[in-house]
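As you go down the protein sequences, you meet chains G and C in turn. Position 116, counted from 1, in the first sequence is what the working numbering calls 116; the numbers after and before it change by one each time, with no gaps. Position 76, counted from 1, in the second sequence is what the working numbering calls 76; the numbers after and before it change by one each time, with no gaps.
Hints are not guaranteed to be accurate.
Stated by the list, open to error - Derived Cβ-Cβ restraints for the label pairs, each shown as a range:
{"no.": "1", "chain 1": "C", "residue 1": "Arg-111", "chain 2": "G", "residue 2": "Leu-224", "range": "33 to 43 Å"}
{"no.": "2", "chain 1": "G", "residue 1": "Val-31", "chain 2": "C", "residue 2": "Thr-80", "range": "51 to 61 Å"}
{"no.": "3", "chain 1": "C", "residue 1": "Leu-71", "chain 2": "G", "residue 2": "Val-217", "range": "46 to 56 Å"}
{"no.": "4", "chain 1": "C", "residue 1": "Val-13", "chain 2": "G", "residue 2": "Asn-50", "range": "32 to 42 Å"}
{"no.": "5", "chain 1": "G", "residue 1": "Glu-110", "chain 2": "C", "residue 2": "Ser-90", "range": "56 to 66 Å"}
As the list claims (entries may be wrong) - Each computed BS3-like pair below joins lysine-lysine, with the alpha-carbon atoms no more than 30 Å apart:
{"no.": "6", "chain 1": "G", "residue 1": "Lys-233", "chain 2": "C", "residue 2": "Lys-92"}
{"no.": "7", "chain 1": "G", "residue 1": "Lys-233", "chain 2": "G", "residue 2": "Lys-215"}
{"no.": "8", "chain 1": "C", "residue 1": "Lys-92", "chain 2": "G", "residue 2": "Lys-215"}
{"no.": "9", "chain 1": "G", "residue 1": "Lys-215", "chain 2": "C", "residue 2": "Lys-127"}
{"no.": "10", "chain 1": "C", "residue 1": "Lys-101", "chain 2": "G", "residue 2": "Lys-233"}
Rather than coming from a laboratory, the hints here were simulated on the basis of the structure. Cβ atoms here follow ideal geometry from the backbone N, Cα and C, with glycine treated the same way.
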Amino acid sequence: MHAPSHDLLILAPAYNEEASVAAAVRAVREVYPHTPVFVVDDGSWDGTANEARKAGADVLSLPHHLGLGGAVQMGYRFAFEQGYSRVVRVDGDGQHRAEDIPRLLERMDEGDYDMVTGSRFLEPNGYPVEMMRRLGGLIFSWILRPILGQRITDPTSGFIAVNRRALEVFSRSFPLEYPEIEALVVLKRKALRFCEAPVRMLPRKAGRSTIGSWKAVYYMVRVLLGVFVNVIKFERRFHTGSRSAGREEQ
Amino acid sequence: MDRIRWVTAGLCVLLLFQVVRAVRREHIRVEYSMAWFAAASALLGLTLWDAGMTQLALWLGAESSADVLLLLAGIAFLFTFFRFTVEVSSLKDHNIQISQKVGLLEWEIRRQQEEIRRLRAAGQGDKEGDA
């Protein structure tokens, strides 16, 4: 159990997660009882908002479905405007273990990182991953390596901790669809620092993943195009170079 | 004039008629009807301008003026389609911003209402305590 925190917000975007959102909120509140859990209900038509409220979360309901990126950006924007210094994003489907949140935050503090992503693949943890998903992750890792200048083992992970610098960037500009991979390129473009921390993930408690097999091809093309667009926006990358210069650019 | 050009001219007139009807019924805003009016009128003009089309076909190396007409119709469609893609993208950005703003305002109203309820309950408790 952790001490009361006023600088940390746990963000959980949720869309039609009535069956699992309460358990996800309670799991976080067991580890962080004094930290606000903020659920962004992305225009759900089921009882997601009510279930999250009953479990003790603060809920912001969007008037209609914006997609994952729009919901996450809403949370980041809220956190930035409310003055939070750190946000940990967990999924509303209960896949992310609250016990791993300290790992992300410790890693962030150790290296003064602006964003830390929880990776399923840094350490073997027995998490069952579909072969296609694993293959997609490997392809993205391979493509992203020269762009990001570092190896990212789990680029599609949504278990993410960000600090205020990253919050500022994301509250203004955040990819709408399948945002995790593009978000890495956005941070690189802004000369912010990021890394991964090993985490364990659980199978979904209910519902289905937003990326079905029929969407996989669209997902690959869409993300690659998004990465490409962000790469060609590296306008002053070679002139600024240093981190401080990158921040001035913002 | 060959048959394809009659058909094209007929389609252009039909398109113009349809756009006018849509604007009159407010299904299309006037500013967005401009691109369709311009494209349909230009195509209609070219279809009826026999000598000009023949010259254009010669200049482009096309076998017939019908090919040129098809090419121009395709170009007009692509330009119009592109323009509306830009418009839709811009509207989507605005929509997201407005939705997020509405979400934030609703959250703020709910917070204020809860605060008022809490203060009222506290005031009620004080009164009962005094009594």
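Hint check:
| no. | hint | in the structure |
| --- | --- | --- |
| 1 | C/Arg-111 with G/Leu-224: 33 to 43 Å | 41 Å, holds |
| 2 | G/Val-31 with C/Thr-80: 51 to 61 Å | 55 Å, holds |
| 3 | C/Leu-71 with G/Val-217: 46 to 56 Å | 32 Å, violated |
| 4 | C/Val-13 with G/Asn-50: 32 to 42 Å | 56 Å, violated |
| 5 | G/Glu-110 with C/Ser-90: 56 to 66 Å | 42 Å, violated |
| 6 | G/Lys-233 with C/Lys-92 | 21 Å, holds |
| 7 | G/Lys-233 with G/Lys-215 | 27 Å, holds |
| 8 | C/Lys-92 with G/Lys-215 | 22 Å, holds |
| 9 | G/Lys-215 with C/Lys-127 | 62 Å, violated |
| 10 | C/Lys-101 with G/Lys-233 | 27 Å, holds |
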